[in-house]
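Just so you know, the protein sequences line up as chains A and B, in that order. Everything in the first sequence is counted per this note's numbering, starting at 1 for the first residue and increasing by one. Everything in the second sequence is counted per this note's numbering, starting at 1 for the first residue and increasing by one.
One or more of the hints may lead you astray.
Claimed, not checked - DSS-like mimics (lysine-lysine), calculated; alpha carbons at most 27 angstroms apart, straight line:
no.: 1; chain 1: B; residue 1: Lys-69; chain 2: B; residue 2: Lys-18
no.: 2; chain 1: A; residue 1: Lys-52; chain 2: A; residue 2: Lys-18
no.: 3; chain 1: A; residue 1: Lys-222; chain 2: B; residue 2: Lys-18
no.: 4; chain 1: A; residue 1: Lys-144; chain 2: A; residue 2: Lys-69
no.: 5; chain 1: A; residue 1: Lys-144; chain 2: A; residue 2: Lys-18
no.: 6; chain 1: B; residue 1: Lys-144; chain 2: A; residue 2: Lys-144
These aren't lab readings, by the way, just hints derived from the structure by calculation. Please read all numbers here as calculations on a predicted model, not as lab measurements.
There are 2 protein chains.
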Amino acid sequence: MRLRRLLRRRTLREVERKFVIEGGRGILSALNSQIEIEAVYFEQTDDALVGKVVSTASELGYRTYEVAKGTMERVADTVTPQSVMAVANFVDQGLDQLPLGSFVVVMAGVRDPGNAGTIIRSALASGASALIMCHQSVDLYNPKTVRSSAGALFNVPISIVDSFGEVYDFLHSNNYRLIGTSSHSHSSCWDCDLSGRIAIVVGNEANGLESIWTEMMDSFVKIPIDDRAESLNVAVAASIVMFEASRQRQVG
Amino acid sequence: MRLRRLLRRRTLREVERKFVIEGGRGILSALNSQIEIEAVYFEQTDDALVGKVVSTASELGYRTYEVAKGTMERVADTVTPQSVMAVANFVDQGLDQLPLGSFVVVMAGVRDPGNAGTIIRSALASGASALIMCHQSVDLYNPKTVRSSAGALFNVPISIVDSFGEVYDFLHSNNYRLIGTSSHSHSSCWDCDLSGRIAIVVGNEANGLESIWTEMMDSFVKIPIDDRAESLNVAVAASIVMFEASRQRQVG
């Protein structure tokens, strides 16, 4: 079945530029954000949310298909499958289409799909104007990334860019200060000025930022952690820095 | 095999009060923290970390067993199994044994093992003196909780307490202010005084804090989020509040 193949095969997703959204809340978020939907598939259920998704999709002119009970369980990527799924068009856009807001988040080598989705969710919530996923970061359309972003990927503009140079040129020419997160930095995120136009650059779970990136940073920040601790989860660390940027903008 | 059963069966873990630590870094962290280890199991490998774990465990007088290649893959809970595992004694302790430090984190209904482990990791890193897991929170010794805590559960004192009243009495009689995290609060975590003796209470992923808890809070804090966003991941939200408490203690 098509849903199953799209959930499992990245190459197929990339050829078709389509992916699967699992669950009512995610699909509703996509519908509200006017993401282009190819079709909605659902099983008979008492869940009012599923009913709402199907009626909203129909009203917007999208195709909806009822499938036999048990279908979702066979195709799903999770142990607790949802009773509604949608096939949607990719949502990423070109760098030149990104709005030039006050802060951007760059994922440079985040490998775990759950972490990537969580970073997208936090980026939206902390007020980031855009997000850039760079080479060697995990697939944005991996089902686990989509799930853990909790609909956020439909509400923050995202670019996927392979070339490091292209990202650097875009940020530099638009006067973004590049702020790298690094546990080796001497500068605490609480003492660092995160106001103005900044790009927060987040590296790999195990290895942090690659040297090609570190050379280009305007500054580095770390989160001061207790002596007993080794490190933080990368999505948590990124979120703390993003929300510190948000705090500084609000508290002034 | 025993490792496999201990990884999969919570009831067996609870009868024996033993659990499995997967991977060299976690085991080394446990050894450094003087957690009681029953035995270390390893496969032949070139990984220097595994060699270090085995030699450290031997020096400390723990039993080490080499197992046949492929054993770990069969028993493991993950798709990328580690080549070393250890069986260890439970590490939780009674409420009356917890140190009375300046801030405590209470998990009240966190259900996802990855979130619980991440909260433990952040609690340690933000300087929490102790952690309490309450009824209906996920199993502390679930393999995914252990993995995502990244060794932190060996370095922060943890109690598992079923009775809500017992937790409340402990905190109240020791003069902890109870701070609930809630997206419905009017008070931003950045404006709230998080100094002094506090307990940060974190609720369920979907439903937040139950009413039995909300009635007992001294105050609630929320993390101000962008209008476009619905919510944050619970481990991220908890971490932001914990690190805000840490920031206020450091910045003054």
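Does Lys-144 of chain A pair with Lys-18 of chain A here, judged by a C-alpha cut-off of 27 angstroms?
Status holds; Cα separation ~15 angstroms.
Straight-line alpha-carbon gap Lys-69 of chain B to Lys-18 of chain B, limit 27 angstroms:
24 angstroms, holds
Measure nothing beyond the straight line between the CA atoms of Lys-144 of chain A and Lys-69 of chain A; if it is 27 angstroms or shorter, mark the hint as holding.
23 angstroms, holds
Quickly compare the C-alpha distance for Lys-222 of chain A and Lys-18 of chain B to 27 angstroms and report which way the hint goes.
36 angstroms, violated
Given the proposed pairing of Lys-144 of chain B with Lys-144 of chain A, does the C-alpha separation stay at or below 27 angstroms?
16 angstroms, holds
Holds or violated: are the alpha carbons of Lys-52 of chain A and Lys-18 of chain A at most 27 angstroms from each other?
Holds, at about 23 angstroms.
Hint violations for this structure: number 3 only, all remaining hints satisfied.
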